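**Student:** The residues making up each chain are set out below.
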Amino acid sequence: MPLAATERDGAGRPARGEVLVQVQDVSFGYGRIRVLEDVSLSVRAGEFVALVGPNGSGKSTLLKVLLGSLAPAAGTVRVLGEHPERVQRARIGYVPQRPNLDSEVPATVEEIVLAGRLSRRGWWRPMRRSDREFVRHALESVGLAQLAQTPLNELSGGQQQRAFIARAFASEPDLLVLDEPIAGVDAESQLRFRGSIVHLIEEHGAGVLLVSHELSAVVSDLDRVVVLKGRVLFDGRPDELAAAGVSLGVHPEDLPLWLEGLR
Amino acid sequence: MPWPLPYPFELAFMQRALVAGVVVGIFAPMIGTFVVQKRMSLIGDGIGHIAFAGVGAGVILAASPNDPGMLPVWGALVFAVVGSLGIEWLRARRAASGDLALALFFYSGIAGGVVLAKLGGGLNASLFVYLFGQPLTVDQGEIAVIVGLGATIVIAMLALRRALFAVVTDEEWSRVAGLPVGALNTVLAISIAVSVVAAMRVVGILLIAAMMVLPVATGQLLARSFRGTMWWSVAIGVGSVVLGLALSRIWGLVPSGTIVLIASACFALVAVAKRGVALRLRTGGAEA
Numbered sequence: 000m001p002l003a004a005t006e007r008d009g010a011g012r013p014a015r016g017e018v019l020v021q022v023q024d025v026s027f028g029y030g031r032i033r034v035l036e037d038v039s040l041s042v043r044a045g046e047f048v049a050l051v052g053p054n055g056s057g058k059s060t061l062l063k064v065l066l067g068s069l070a071p072a073a074g075t076v077r078v079l080g081e082h083p084e085r086v087q088r089a090r091i092g093y094v095p096q097r098p099n100l101d102s103e104v105p106a107t108v109e110e111i112v113l114a115g116r117l118s119r120r121g122w123w124r125p126m127r128r129s130d131r132e133f134v135r136h137a138l139e140s141v142g143l144a145q146l147a148q149t150p151l152n153e154l155s156g157g158q159q160q161r162a163f164i165a166r167a168f169a170s171e172p173d174l175l176v177l178d179e180p181i182a183g184v185d186a187e188s189q190l191r192f193r194g195s196i197v198h199l200i201e202e203h204g205a206g207v208l209l210v211s212h213e214l215s216a217v218v219s220d221l222d223r224v225v226v227l228k229g230r231v232l233f234d235g236r237p238d239e240l241a242a243a244g245v246s247l248g249v250h251p252e253d254l255p256l257w258l259e260g261l262r
Numbered sequence: 000m001p002w003p004l005p006y007p008f009e010l011a012f013m014q015r016a017l018v019a020g021v022v023v024g025i026f027a028p029m030i031g032t033f034v035v036q037k038r039m040s041l042i043g044d045g046i047g048h049i050a051f052a053g054v055g056a057g058v059i060l061a062a063s064p065n066d067p068g069m070l071p072v073w074g075a076l077v078f079a080v081v082g083s084l085g086i087e088w089l090r091a092r093r094a095a096s097g098d099l100a101l102a103l104f105f106y107s108g109i110a111g112g113v114v115l116a117k118l119g120g121g122l123n124a125s126l127f128v129y130l131f132g133q134p135l136t137v138d139q140g141e142i143a144v145i146v147g148l149g150a151t152i153v154i155a156m157l158a159l160r161r162a163l164f165a166v167v168t169d170e171e172w173s174r175v176a177g178l179p180v181g182a183l184n185t186v187l188a189i190s191i192a193v194s195v196v197a198a199m200r201v202v203g204i205l206l207i208a209a210m211m212v213l214p215v216a217t218g219q220l221l222a223r224s225f226r227g228t229m230w231w232s233v234a235i236g237v238g239s240v241v242l243g244l245a246l247s248r249i250w251g252l253v254p255s256g257t258i259v260l261i262a263s264a265c266f267a268l269v270a271v272a273k274r275g276v277a278l279r280l281r282t283g284g285a286e287a
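Just so you know, the protein sequences line up as chains C and Z, in that order. Numbered by numbering that gives the first Met the number 0, the letters in the first sequence go through residues 0 to 262 in order. Numbered by numbering that gives the first Met the number 0, the letters in the second sequence go through residues 0 to 287 in order.
What the hints contain is simulated information worked out from the structure, not anything from laboratory work. Don't take each hint at face value.
As the list claims (entries may be wrong) - Take a look, some chain Z residues computed to stay more than 12 Å from chain C by CB distance:
hint: 1; residue: W73
hint: 2; residue: E141
hint: 3; residue: I142
hint: 4; residue: A182
Claimed, not checked - Capping the alpha-carbon separation at 20 Å, the derived lysine to any residue pairs in SDA-like fashion look like this:
hint: 5; chain 1: Z; residue 1: K37; chain 2: C; residue 2: P95
hint: 6; chain 1: C; residue 1: K63; chain 2: Z; residue 2: G177
hint: 7; chain 1: Z; residue 1: K37; chain 2: C; residue 2: S102
hint: 8; chain 1: Z; residue 1: K273; chain 2: C; residue 2: E103
hint: 9; chain 1: C; residue 1: K228; chain 2: C; residue 2: G260
hint: 10; chain 1: Z; residue 1: K117; chain 2: Z; residue 2: L99
hint: 11; chain 1: C; residue 1: K63; chain 2: Z; residue 2: K117
hint: 12; chain 1: C; residue 1: K63; chain 2: Z; residue 2: P179
hint: 13; chain 1: C; residue 1: K228; chain 2: C; residue 2: E36
hint: 14; chain 1: C; residue 1: K63; chain 2: Z; residue 2: I189
hint: 15; chain 1: Z; residue 1: K37; chain 2: C; residue 2: K63
hint: 16; chain 1: C; residue 1: K63; chain 2: Z; residue 2: G120
hint: 17; chain 1: C; residue 1: K63; chain 2: Z; residue 2: R93
Owing to the predicted nature of the structure, the values given are computational and were not obtained by experimental measurement. Every residue gets a Cβ at the ideal spot worked out from N, C-alpha and C, and that includes glycine.
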């Protein structure tokens with residue numbers, strides 16, 4: 000949609016191929032336990048990258064390093080050309096793994112997604128009509144426009160997850176980071192999810208880093224798959240992984256099984 | 000000269016109680032909506048106990064313990080602000096879980112209050128005013144304090160409502176999104192402390208948390224949005240104060256307790272009515 004392209008507050012869209020995430024030889028440990036060892040990873044604008052690995056492989060730790068909540072013991076991290084703590088936050092869209100939104104007080108889908116505008120326009124500023132337009136557009140792109148006024152806790156798990164994706168979209172991110180967003184989500188939501196990610200990449204030139212075990216819904220759109228287990232074991236196109244005998248699409252259970260075998 | 004209001008609000012002292020009570024009925028549920036969403040419903044109670052230690056400190060500092068003037072209120076304000084920041088500090092650093100952090104301050108506060116007040120020689124009936132509230136004896140100066148503090152809280156909550164909503168709903172996401180999570184939590188903590196002290200004379204330290212939480216408990220049954228919950232809660236808060244004061248005058252009941260009982264009766268009524276509607280819908284559906 001032209002809205003996002005025309006009304007950006009000053010900063011232009013990243014050029015296609017511009018490096019959005021640059022992780023170089025990063026190591027990290029909790030106490031004496033090494034979690035990440037010489038990990039390097041990049042995500043470029045317009046690129047759709049999946050990060051996979053067995054449980055305890057350091058995926059979540061790597062995301063925390065990327066998002067600036069953990070400082071690496073060694074190596075360098077640049078996000079959108081900046082140190083993770085100094086990057087302009089609105090440029091990163093984040094979809095957490097299990098948002099703890101078993102809300103005490105009812106909150107509508109629109110209220111949740113409006114929060115996504117706070118970082119873009121300044122949290123102290125009142126919302127304008129244009130902000131509501133962005134929210135409407137974000138909700139449309141995940142297929143929830145009809146449910147804008149519905150309390151979030153009346154939605155299915157898949158619909159809730161799409162609301163959180165819309166919240167990330169609402170800040171017009173250049174980089175979208177998703178932590179296990181489609182775990183246990185229904186088929187329709189997986190389809191919608193794929194459609195909205197592809198839309199963000201194609202229309203807005205954003206880069207996407209997806210942490211997930213379930214890649215079957217998006218396998219045909221992925222540019223790269225990165226397999227992590229403390230170190231990077233594989234970084235390449237999905238068909239190269241398929242050539243190694245690991246199927247991402249036809250037999251979706253193959254990937255989890257293979258990841259288990261990596262332990 | 001009292002305003003020309005009908006019975007039971009025709010007398011000046013009832014009208015002062017009404018003004019003070021309505022202000023509390025507005026700001027306490029408003030801040031309570033964020034507190035409940037943050038799952039810290041008992042924080043008002045915890046801060047109330049700490050404020051009691053501040054009352055004790057105020058009595059010590061006063062020249063005459065039996066007529067300490069406004070010193071107990073300022074003492075309560077200082078203790079409540081420091082205490083609420085301490086609870087938030089412990090919670091944010093995960094040094095103690097939210098309710099453990101509360102309990103630590105809760106018990107230290109009430110114990111400190113008793114010890115300090117006894118030291119000051121003021122452990123007498125005048126402390127009951129702070130523990131259980133006494134809206135009928137509120138004077139003009141106290142009304143000015145309550146209205147001033149209340150207006151500050153209402154303005155802060157309305158101005159920051161979207162950012163506060165984001166933080167109390169999803170703190171991890173808010174941090175990644177670059178919201179000043181620490182500062183917003185601090186503003187909320189200070190606002191809770193200020194509202195506890197502002198409401199102290201009306202409902203009392205032991206019942207303050209009730210006015211923050213009970214109207215919200217009812218509001219979230221009636222509303223389908225965060226915004227709707229907040230306005231329903233304020234309406235129920237104000238309604239409970241007006242009805243509670245009226246009934247306490249008519250039947251000679253304790254005003255603060257009556258106000259809170261009305262607020263809990265509202266919850267019971269709405270919960271039962273909602274359950275009845277849900278049951279009727281279900282059986283209606285089964286017949287069809």
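**Student:** Now look at each hint and say whether the structure bears it out.
**Tutor:** Checked hints:
| no. | hint | in the structure |
| --- | --- | --- |
| 1 | W73 | 30 Å, holds |
| 2 | E141 | 31 Å, holds |
| 3 | I142 | 31 Å, holds |
| 4 | A182 | 10 Å, violated |
| 5 | Z:K37 - C:P95 | 18 Å, holds |
| 6 | C:K63 - Z:G177 | 14 Å, holds |
| 7 | Z:K37 - C:S102 | 9 Å, holds |
| 8 | Z:K273 - C:E103 | 17 Å, holds |
| 9 | C:K228 - C:G260 | 11 Å, holds |
| 10 | Z:K117 - Z:L99 | 27 Å, violated |
| 11 | C:K63 - Z:K117 | 52 Å, violated |
| 12 | C:K63 - Z:P179 | 18 Å, holds |
| 13 | C:K228 - C:E36 | 9 Å, holds |
| 14 | C:K63 - Z:I189 | 30 Å, violated |
| 15 | Z:K37 - C:K63 | 23 Å, violated |
| 16 | C:K63 - Z:G120 | 55 Å, violated |
| 17 | C:K63 - Z:R93 | 18 Å, holds |
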